[in-house]
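**Student:** Sequence lines, in order, name chains X and E. One point on numbering: in the working numbering, the residue at position 166 of the first sequence is 384, and numbering is uninterrupted. One point on numbering: in the working numbering, the residue at position 11 of the second sequence is 229, and numbering is uninterrupted.
By construction, these hints were calculated from the structure, which means they are not laboratory data. Treat the hints with care, since some could be wrong.
Note that the list lumps identical chains together, so a pair holds whenever it fits in one copy or between two copies.
Claimed, not checked - Derived lysine to aspartate or glutamate pairs resembling DMTMM-like cross-links, with alpha carbons at most 20 Å apart:
no. : residue 1 : residue 2
1   : Lys340    : Asp328
2   : Lys232    : Glu315
3   : Lys402    : Glu359
4   : Lys340    : Glu395
5   : Lys402    : Glu299
6   : Lys340    : Asp282
7   : Lys402    : Asp358
There are 2 protein chains.
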Amino acid sequence: MVRWEPGAPERLQKAALELFATRGFEQTTAAEIAEAVGLTERTFFRHFSDKREALFHGQQVLVDSFLDGVTAAPPSAAPLEVVATALRSASAFFPAERRAHSRLRQSVIDRNPALQERERHKLTTLATTVAAALRARGVDELAATLAAESGVTVFGISFIRWLREDEDRSLADITDEVFAALLKLAGEVPPARR
Amino acid sequence: MVRWEPGAPERLQKAALELFATRGFEQTTAAEIAEAVGLTERTFFRHFSDKREALFHGQQVLVDSFLDGVTAAPPSAAPLEVVATALRSASAFFPAERRAHSRLRQSVIDRNPALQERERHKLTTLATTVAAALRARGVDELAATLAAESGVTVFGISFIRWLREDEDRSLADITDEVFAALLKLAGEVPPARR
């Protein structure tokens, strides 16, 4: 799209995060973010519709990593097994090297309601996309929606745990634990309630 | 709080919904909503911080109905059984007479991203509150969060199904079906994955 400016979105994203973390989200303008990496405000708005979006640049890669996992699951896999495969695929998108960046990003989001709303919206979109991919595999609408929403719930809870200062396990390990806890909870409900 | 104006929030809420549905959310002002029921803009803002809030007046009653269900569950109930009790309690908050109102409200929300964000935020707050109530019963943090989030997912999916034009079952019946579908999905995952 903007072939003459390679890496501009990544540089703008990095500068945005640093400025949001040090000065605050409200106190930072798109022009200042652009200026910090030697670009113009106009270039900023060629890549992002507003300053909030600069923090959500990687979203499509995350969605794609979930979808890759859905595709990789064997045809015989039950819906929640497909979701488990998708969760493992998405975990690979957050290696240990990325934890410091993700922690800083989360601390900015935690301080700003508009960013929290955008983050929730991101997870809603992710669930909708995963549900569509499950339906494309022949899973009925209710099962697809429930499995996708449950997967995004597991991902959201795991991701927040991964960011904790006292946590050093990989996101994949944490996700496995949270997924297993969900199955355990379901298994505790007596058959009469099913 | 405003004892000399009984029923004002309900009247403002009803007028807001009607105006949002006919004129559109963006095209309606708080002053117009107030005027429609013979009140002043100042009175409107005594009850609601902005016009968006007029659509979310019943939120605390919904949260309380979930919490009543958590309290009503026997001490021995597993976390997801407690959530099932809470879902049944919340369903009673939406009798058949309320379906037309809820459908109109949802059609307004579906057309406006700011209202969708507020609705998502409402469900996030509900999950946080239910999780805290589960922790107060001695459920560990992970199980409490997962069970509460799963309950809110079941509620959200059931509620949207209840609003469908081709649906005439009660919200309680739909919720039971969706909850059972979640347990079935979990039961389909082979033991090796747990």
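**Student:** Measure nothing new, just compare the shortest in-copy and cross-copy C-alpha distances for lysine 402 and glutamate 359 to 20 Å and report within, between, both or neither.
**Tutor:** Answer is between: at 14 Å across copies they meet the 20 Å cutoff, but 24 Å inside does not.
**Student:** Can you give me the call for lysine 402 and aspartate 358, within, between, both or neither, at a CA distance of at most 20 Å?
**Tutor:** The answer is between: 13 Å across copies meets 20 Å, while 24 Å in one copy does not.
**Student:** When no copy is specified for lysine 340 and aspartate 328, does a C-alpha distance of 20 Å or less occur within a copy, between copies, both, or neither?
**Tutor:** both (15 Å within a copy, 17 Å between copies)
**Student:** Have a look at lysine 232 and glutamate 315 and pick one of within, between, both or neither, based on CA distance no larger than 20 Å.
**Tutor:** Classified as within; 15 Å inside a copy, 52 Å across copies.
**Student:** For lysine 340 vs glutamate 395, is the C-alpha pair at or below 20 Å within one copy, between two copies, both, or neither?
**Tutor:** Answer is neither: 23 Å inside a copy and 28 Å across each miss the 20 Å cutoff.
**Student:** Is it within a copy, between copies, both, or neither that the alpha carbon of lysine 402 lies no farther than 20 Å from that of glutamate 299?
**Tutor:** Both: 15 Å inside a chain and 13 Å across chains, each within 20 Å.
**Student:** Measure nothing new, just compare the shortest in-copy and cross-copy C-alpha distances for lysine 340 and aspartate 282 to 20 Å and report within, between, both or neither.
**Tutor:** within (13 Å within a copy, 28 Å between copies)
Hint 4 from the earlier list is the only one contradicted by this structure; the remaining hints agree with it.
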